[in-house]
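J.: Chain by chain, the residues run as shown.
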Amino acid sequence: EAGVTQSPTHLIKPRGQQATLRCSPISGHTSVYWYQQALGLGLQFLLWYDEGEERNRGNFPPRFSGRQFPNYSSELNVNALELEDSALYLCATRAERGPNTGELFFGEGSRLTVL
Amino acid sequence: KNQVEQSPQSLIILEGKNCTLQCNYTVSPFSNLRWYKQDTGRGPVSLTIMTFSENTKSNGRYTATLDADTKQSSLHITASQLSDSASYICVVSAGNMLTFGGGTRLMVKP
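Here the protein sequences line up with chains V and H, keeping their order.
The first sequence lines up with residues 1 to 115 when you count with my numbering.
The second sequence lines up with residues 1 to 110 when you count with my numbering.
By construction, these hints were calculated from the structure, which means they are not laboratory data.
Model, not experiment: these values are computed from the prediction.
Among the hints, a few may not be true.
Quick partial rundown of chain H residues pointing at chain V, CB under 10 Å, derived from the structure [as the list claims (entries may be wrong)]:
hint: 1; residue: G43
hint: 2; residue: K109
hint: 3; residue: P110
Quick list of the computed label-pair ranges, beta carbon to beta carbon [as the list claims (entries may be wrong)]:
hint: 4; chain 1: V; residue 1: I12; chain 2: H; residue 2: Q72; range: 38 to 44 Å
hint: 5; chain 1: V; residue 1: E51; chain 2: H; residue 2: N55; range: 19 to 25 Å
hint: 6; chain 1: V; residue 1: N79; chain 2: H; residue 2: T70; range: 41 to 47 Å
Quick look at which bits of chain H chain V covers, simulated, 3 or more residues with Cβ under 8 Å [said to hold, decoys possible]:
hint: 7; segment: 23–29
hint: 8; segment: 45–59
hint: 9; segment: 65–75
Cβ atoms here follow ideal geometry from the backbone N, Cα and C, with glycine treated the same way.
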């Protein structure tokens, strides 16, 4: 069974532009969480999607947005990029049934560098 | 406010030695507590998940304990290996809401 996949692995963008990151959940997982992890720091909660709806968002400005598609994959968009947006962006999906219900599975992340 | 505090922030030990990482939380209502291992630049990988009724859970050389009364958890690593060098993150759930600790960065030296 394929795990959580994220793309691209690495992304370099100039300041002021937009970045789009993608996440495909494990089959059967309907919840997708996005986190930002700046270098050397802990994970900061960005967004949570479930069944296509945004359920909660962290303390980030509106230029961080996203959506979840009918197949439960998700997209994170960061507009008007700033240097401090450089970070590892992690996607995680939840098991909603079975022996690992509630378990959170992470992708390998997308490394965004803003120049 | 839900909070998860981990200590120490960083730790250096010699290969073969044991170590214990701490996690204190003020999360309510408590659902479960997870420990994750995160190698540098990679996604976190689950080590253990503990519910309210579980006191101890082992996964190979990793043993997690939970004291729901004092709201404390520990992760004990036995006979450390160089590959144990990573960040260890404690995550506490209140329903669908997750609160992450800042992590403990462990370095195992030969």
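J.: Each hint needs a verdict: does it hold in this structure or not?
T.: Okay, the hints, checked on the actual structure:
1. G43: Since the shortest Cβ distance to chain V is 4 Å, the answer is holds.
2. K109: At 19 Å from the nearest chain V Cβ, K109/H fails the 10 Å test, so the hint is violated.
3. P110: For P110/H, the interface hint is violated, since the closest Cβ of chain V sits about 23 Å away, which is over 10 Å.
4. I12/V - Q72/H: 38 to 44 Å: holds (42 Å)
5. E51/V - N55/H: 19 to 25 Å: For E51/V and N55/H the Cβ distance comes to about 35 Å; the hint is violated.
6. N79/V - T70/H: 41 to 47 Å: holds (44 Å)
7. 23–29: violated (count 0)
8. 45–59: Coverage by chain V holds for the segment 45–59 of chain H (3 residues, Cβ < 8 Å).
9. 65–75: violated (count 0)
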